[in-house]
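A.B. asks: So the chains spell out like this:
2 protein chains.
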Amino acid sequence: MAAKMNPDLKKERDGASFDPEKIVNFLYGGPDRVRRRREVVSLALDDPDFQHEDLNFMSREQQYETQLKKSILVVQKQKELGLVSPEDMGNYNYNGVFKGMSGPFGLHTSMFLPTLRGQATAEQKAKWLKMAENYAIIGTYAQTEMGHGTFLRGLETTSTYDPQTQEFVLNTPTPTGTKWWPGCLGKTSNYCVLMAQLYIHGKSYGPHPFMVQIRSLQDHKPLPGVTVGDIGPKFGYAGNDNGFLRFDNVRIPRDNMLMKYSRVEPDGTYVKPPSSKLAYGTMVQVRSFIVSEASDSLAKAVTIAVRYSCVRRQSEMKPGHPEPQVLDYVTQQYKLFPYLAAAYAFMLAARSMIFVYFRSMEKIGRGDITVLPELHALSSGLKSLSSWVMNAGIEECRMACGGHGYSHASGIPSIYMEHTPAATYEGENTVLMLQTARYLMKSYNQSLQGEKLAGSVAYLSGVQPVPVAGRTRNVLDLNVLIQAFQHRAARLVHEAALQLKKERQTGKDQPDAWNAASVDLVKAAKAHSQYFVVKNFADRLTDPALDSAARAVLTRLCQLYALHDIVNSSGDFLEDGYLTGSDIRQARRHINALMAKLRPDAVALVDAFDFPDGILNSILGRYDGNVYQHLLEWAKASPLNKTDVHESYYKYLKPFLEANRAKL
Amino acid sequence: MAAKMNPDLKKERDGASFDPEKIVNFLYGGPDRVRRRREVVSLALDDPDFQHEDLNFMSREQQYETQLKKSILVVQKQKELGLVSPEDMGNYNYNGVFKGMSGPFGLHTSMFLPTLRGQATAEQKAKWLKMAENYAIIGTYAQTEMGHGTFLRGLETTSTYDPQTQEFVLNTPTPTGTKWWPGCLGKTSNYCVLMAQLYIHGKSYGPHPFMVQIRSLQDHKPLPGVTVGDIGPKFGYAGNDNGFLRFDNVRIPRDNMLMKYSRVEPDGTYVKPPSSKLAYGTMVQVRSFIVSEASDSLAKAVTIAVRYSCVRRQSEMKPGHPEPQVLDYVTQQYKLFPYLAAAYAFMLAARSMIFVYFRSMEKIGRGDITVLPELHALSSGLKSLSSWVMNAGIEECRMACGGHGYSHASGIPSIYMEHTPAATYEGENTVLMLQTARYLMKSYNQSLQGEKLAGSVAYLSGVQPVPVAGRTRNVLDLNVLIQAFQHRAARLVHEAALQLKKERQTGKDQPDAWNAASVDLVKAAKAHSQYFVVKNFADRLTDPALDSAARAVLTRLCQLYALHDIVNSSGDFLEDGYLTGSDIRQARRHINALMAKLRPDAVALVDAFDFPDGILNSILGRYDGNVYQHLLEWAKASPLNKTDVHESYYKYLKPFLEANRAKL
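Protein chains in written order, with this note's numbering: chain A, 15 to 678; chain B, 15 to 678.
Chain A on its own, in the form it takes in the complex (with noise of 0.2 Å):
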């Protein structure tokens, strides 16, 4: 039989304004797919195979091997179970074994074999895809170094070229040459693709791709040559056996350089791929999934606030008033609301940009590659705004829980801790931003000189980036949001094109110039990727899939996202007088009166992400709210209680505290 759910949050359900499951069909593709999803996850979260203890309750090792057992059932369940669709997959495998958190298995799956399927000829595929889909062989993807991320040519690992035997040769000259990072690579896989400098004759042709076994297939240890090990502990992914690669002189067949673009012939000749845009296309789907991982994970932990914000009371608002549901605190309206309307606006953002990601892919596979730059720029300032602001929103959401946000029972650290990397894999946020940057000055410039700019940035061409003084608006207009957040994008990228302009007259020449408005430079990147999130967020509001409720709380939301950015940074729309420091007094009464009116339903709205307790993993979150009994029942489970009397007592405690008392 079902727990009683707690009263305050079945209140808060009965009262709200709308049917959350008229959302979660918006936000996950129709019933259909949500019914798919829900039985997929549940496979996952009801198998006793996949029960054991919390994570937080073990040592690192612990938890290695126990997502390592978990990895091998994955594969096995998956296969007994018939799923083979990405979709279900993901579902069952990243949402419901492994709740959104790092694995053994990560990287074979999400990089060696997408490369191996990519970037290897059929001869390639034929000897190592199968083995390697059957997992006879596990791989990784080794490219980042100790001294070199970001910037790919900076790579030292060298690969030579021997015409002689037709082999590589590869080696690890320095430290800072020593792979480092790659996930998996540590104690888990024997194969990877290395990614080293390939030199041929002396002269050196950039980085590229080989196929190279590590450990033995007999015993697991490190081949001759190879040096292999984990980095040690980090922040989170406790279970990921991120890891060290040195190599001393290690021959590798020439068949092992991964040959599908560019080739080394037998003799030593070096034919170049056709073209080198086409890797932009993995990057910026990678990109998408990274703000659907941000949205997702800035989700849970605004699910886990705002239920616990319902179920604890605190405080005495009126003498002889019982305490009330902290979420009637309007500054505790203020830390949370904003923030579940980011989830709703980073979501909807991933769906839009996965969708353009596909739809630009058809036209790319017909040979037109001309929507890469864009669709690279867009999806790099979505990646870069997603992930800094789920991080602050994620620790928004743990402080807002209190003290009980700090523990681990929250299931709060555990989300910040293992996804406050997407602010720096995948390309650093502040470079990816520099790049969106790069896009939109040139195409600012390309409309200086009268050309018609199309897509995302048509914008720039479009609008005057003049303000208008005087007059009045009704700044909860979404058309009026939209031309905001328009406007502000527009001028601050002819404010920095400007600034680069003016710091190139002082003398500097183009990086020095570059560099000097970089500060510049990044906030118009940032401005333009904000007016996508406005804009999408308001047209996705129109969708048939909304019933007038649901589309009237979202509409809320969607007012509340863009007024309070506008109200955070009212500077940059003050600056140029585009809005009045009346139109800022407008915008702030009216986030106080939508929050008010987003308050029945905050519940609702996050019970309409769909996370089911099993992927949230959290005592404050939990769907019921009978939090404070589950809390103590958790914490009497952890390893300190197992014993009344811990054993340090006997080995340091008991002789002091007797010595100390003989001494009085």
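Please note that the accuracy of each hint is not assured.
Since the list can't tell identical chains apart, any single copy or any two copies may satisfy a pair.
Okay, derived cross-link-like pairs now, DMTMM-like style, lysine to aspartate or glutamate, Cα gap no bigger than 20 Å in a straight line [said to hold, decoys possible]:
| # | residue 1 | residue 2 |
| --- | --- | --- |
| 1 | K537 | E442 |
| 2 | K235 | E79 |
| 3 | K235 | E388 |
Simulated from the structure, these hints should not be mistaken for laboratory data.
Dock chain B against the given chain A, drawing on the hints supplied.
C.D. replies: Relative to chain A, chain B alone:
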């Protein structure tokens, strides 16, 4: 022989414009105290008894045990070494041995002993204080409950006086009344000061302190009726056994109520304390120390990030040139320098706050408690502002270190996990800001009624919150900056008061109006606190301990701190036209120029925080800059690398891989 210093770091130090030792002396109270501080810290850092493997390599139980062992050694060694002043003991224990991290005797020294000293009668002191001071008993302070934190009156644990036996009967009536979070309670303490609701003859008298034995002195088992344990793993604080505690009809003698202030006579007569405001004094002191803790923790993270940013080289700024130090990127400076400035700003604010506290205590000692409300408001605001800035700043520093920031080798995750609770404990930040706001509203209303305000709120009556438009200002001038911060604070206090009034006029009662205006009230309180920080920073620049070179560089930091906040929250200054768009553009250019000037001094400025490597506990932040060699060494020493092939291979991976190969 000392290892050779990384040449990039050496160059930085050689190129500094000032002598860091001058600033060390300025920050830490002159050469004699600096010498003593270093001596005492070294006694701890160089002691082989305190060496152990990295805590990040250990399970939580091992960490607790290690910290317990060290806690005992500290007590013994402090006695042997004759360290008796609070300053020496703090430097030895908190800084040197524990490096700012939490240990199992923390609450004994920080809360149990002070409470006995402050709230026990002479008789009670004779009975317990000697035992406690000599560690014949270990105690903690048990106040917070699972369902009750900030709101003291909400506590549920009861202490009911039984005049028949002249005993108090302790009970925990509900799950939410379970004591939860007290440090060192779970496994270590055998006594506690318990805060419980006093009941006499069925009447409630509110929370009072009681001395309660919870574990046997013979075998450390919980006493009959006592349920005690550890609350389970947390984000940080692994070395601290934060505990839970429940009572079931536990009887303690009447004398166990700490009766220096309130008393219960044998017949049950309750005698009131003379003044209820005195407890504020301790709170003010504790909050001042938190400002100091926050600035120290931020300074540590900044030290690590700035040094590493000079060692790390990344990307190709100009074709064919070597990769630049990442601190040469203006975006990196923009991430780190404002927090470098903030660490200084809050260090100086903390020192001033503690100075004001001691001066005020003299007044209070003479019976003048009029300064308490102002002191309380100021310390609450600074505690909140500094811990918020610390939290954001540490994470910014971590992410500014790229991937390696995420490794425990950076030391930054531990600093964050260990100090982020400062935003929650000793008064949740938003609650505290609202207390500051309450004082500001009271003062503002007094000034409206013609009273002249003094001290930190004097400006509320002096300044006209009306902008003077069209003036040209030199926003580098410290007086102009101080005026701007003063104006913003005064204006926001005025606006919050106005908002409060408007909410009342719509028919809301006072509590509802307060809640409705609370976002504005927090904003006003923040601005007030920030004004103090900026003004204090500027005031301290005249300190004669500084020579002109040191003064020049700190002046730049002070300007940067102020201008960065102005640019970052420019709307606050633009909204009423106090600053113009052109002022803000000027401010942005000044920031760029200041950062360029500070760039060559950055390493010397973090060196001047004077954290030895032993305290930083960071591979990235090493004084000698030899980061990469030591990263590999550190990783090799970690548990997963004890063997080349992890045992999980034999248990799980080997059978899996072999079965898969057999099927091919």
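A.B. asks: Report the numbers of all earlier hints that the structure fails to satisfy, in ascending order.
C.D. replies: Violated hint (a single one): 3; every other hint is consistent with the structure.
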